[in-house]
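S.K.: Read off the chains here:
4 protein chains.
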Amino acid sequence: MLITSVEIRVRYQETDQMGVVYHGNYFTWFEVARVHLLDRIGCPYADLERKGFLLPVLDCEAKFHSPAFFDDRLTVEACLRDPPVARISATYRVLRDKKLLAEGKTTHAFVSKEGKLVRPPESFLRGIEAFVSEENDFQSS
Amino acid sequence: MLITSVEIRVRYQETDQMGVVYHGNYFTWFEVARVHLLDRIGCPYADLERKGFLLPVLDCEAKFHSPAFFDDRLTVEACLRDPPVARISATYRVLRDKKLLAEGKTTHAFVSKEGKLVRPPESFLRGIEAFVSEENDFQSS
Amino acid sequence: MLITSVEIRVRYQETDQMGVVYHGNYFTWFEVARVHLLDRIGCPYADLERKGFLLPVLDCEAKFHSPAFFDDRLTVEACLRDPPVARISATYRVLRDKKLLAEGKTTHAFVSKEGKLVRPPESFLRGIEAFVSEENDFQSS
Amino acid sequence: MLITSVEIRVRYQETDQMGVVYHGNYFTWFEVARVHLLDRIGCPYADLERKGFLLPVLDCEAKFHSPAFFDDRLTVEACLRDPPVARISATYRVLRDKKLLAEGKTTHAFVSKEGKLVRPPESFLRGIEAFVSEENDFQSS
Chain U
147 MLITSVEIRV RYQETDQMGV VYHGNYFTWF EVARVHLLDR IGCPYADLER
197 KGFLLPVLDC EAKFHSPAFF DDRLTVEACL RDPPVARISA TYRVLRDKKL
247 LAEGKTTHAF VSKEGKLVRP PESFLRGIEA FVSEENDFQS S
Chain D
147 MLITSVEIRV RYQETDQMGV VYHGNYFTWF EVARVHLLDR IGCPYADLER
197 KGFLLPVLDC EAKFHSPAFF DDRLTVEACL RDPPVARISA TYRVLRDKKL
247 LAEGKTTHAF VSKEGKLVRP PESFLRGIEA FVSEENDFQS S
Chain C
147 MLITSVEIRV RYQETDQMGV VYHGNYFTWF EVARVHLLDR IGCPYADLER
197 KGFLLPVLDC EAKFHSPAFF DDRLTVEACL RDPPVARISA TYRVLRDKKL
247 LAEGKTTHAF VSKEGKLVRP PESFLRGIEA FVSEENDFQS S
Chain V
147 MLITSVEIRV RYQETDQMGV VYHGNYFTWF EVARVHLLDR IGCPYADLER
197 KGFLLPVLDC EAKFHSPAFF DDRLTVEACL RDPPVARISA TYRVLRDKKL
247 LAEGKTTHAF VSKEGKLVRP PESFLRGIEA FVSEENDFQS S
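Those protein sequences? They're chains U, D, C and V, same order as listed.
Going by our numbering, the first residue of the first sequence is number 147, and it counts up by one from there.
Going by our numbering, the first residue of the second sequence is number 147, and it counts up by one from there.
Going by our numbering, the first residue of the third sequence is number 147, and it counts up by one from there.
Going by our numbering, the first residue of the fourth sequence is number 147, and it counts up by one from there.
Nothing false has been slipped in among the hints.
Intra- or inter-copy, both count: the list cannot distinguish identical chains.
Here are the computed lysine-lysine pairs in the DSS-like style, where the Cα-Cα straight-line distance is at most 27 Å:
#: 1; residue 1: K244; residue 2: K259
#: 2; residue 1: K197; residue 2: K262
#: 3; residue 1: K209; residue 2: K262
#: 4; residue 1: K262; residue 2: K245
#: 5; residue 1: K209; residue 2: K251
#: 6; residue 1: K197; residue 2: K259
#: 7; residue 1: K244; residue 2: K209
#: 8; residue 1: K251; residue 2: K197
#: 9; residue 1: K209; residue 2: K259
To be clear, the hints were calculated from the coordinates, so they are not data collected in a lab.
With the rest of the complex left out, here is chain U (with noise of 0.2 Å):
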């Protein structure tokens, strides 16, 4: 298992006239999340686009247990649980302090520019199991 956080500070466009976050945003900042995990295991997605590989969202879902309002300083963390196969799933969750405002899933695939699937790149499947062994080590110890 691999979790990363990264910090969001809450914008005024994001929210709506309820006075909160609008739902739909908050998968923004998983992306914003997502991309964070995908530097941290050496393999930033801007490069894999370069390569020529997309990880279109097959679906995504959110639930929310308590608003967040603009200014708030959050934590959002995404988590890659399973080691990816055909498709690749990463959880999220988003936090105020230590409250847990709301969670996430999203869904993707690695295709090729023709839409096509394939394969995920070496250096995301390398970075993944650096990452892993790393953490085995770091937990053997």
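Fit chains D, C and V to the given chain U structure using the hints.
M.R.: Frame of chain U, contents of chains D, C and V only:
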């Protein structure tokens, strides 16, 4: 079961650099379809808010079968399946011509401006009932 | 002078916690009106891109006289005033009923996919001409 | 003159199918920079709203010199040039490394929740003054 549909034309702003509509924007379209459904049962969302009711999103999900592109003319259907009790679930379908591009679901609760759970307003309950009985008349004829 | 107009219904997602439409969203509406204007002269923007032309925004501005609210039905006008040469300027007006809510302007250039400035495509120039001469016919009658 | 700057990382959601950031999104970045500037003078925007002040946008503009791309790390500067009287104007610059990508301006007025024009709150005026005198101290040394 109550189904309504609304036509959407994809905006350039809704696309991303993958050349397709960004996944989070489907939730805005679901909102457009939901607002339209509330109009159809004689219970416009703007009126609900003026009367002190809010209808926040508790959870939401979407599944993407095929991308939507800039300038596509889409049909977005909203459907209320179950009689609303404490929670109200709506499902959605996005179609181009007759092709299903995406499906989704949102769950809501009626809350007061103070954030307390409240019973759905009469106008809403009557609106749904009227629609359902109309439909029954239609189906029995 | 060429003016076209398009109807917009304000989305909840477009509001912010001030209870009005977020200012940046007017530029999306201007885009909707501009795309509609290109349709009217027989030169849809999606076709332009398919033929290898892009029409990026060089500068843009908006002036807000009165706020737009959720669920407002608005008219967004786009206007091409000058014969397009190297740069194309369009102006916009946003109205509710007959009340002017906002005005704006965008300037564009035609560029190739490689980012080089190019002459506007024939379909665009002919479209504008046809419209102007039609208008002249109309005005002289 | 008061200048502050904030770092932004471009989100995928902010791009469009031209492969660059959609022009309307720069106004969200200007907002982020403006909020940061208000922090710096000890007058956070969230506090202002809590005290009953709103700071709506009266007009806004942007000029684009060079596109911003997904994953770019940008510096967004906000600058208050004139002592605020009835209207407050801020200017903005967006830079990647030292390259100027875009410039902008927004004009605001302080209004009450009822929408009446009001005098800027003391905390705001004192904040600006303190900053300016500090700067003078600095410059005279």
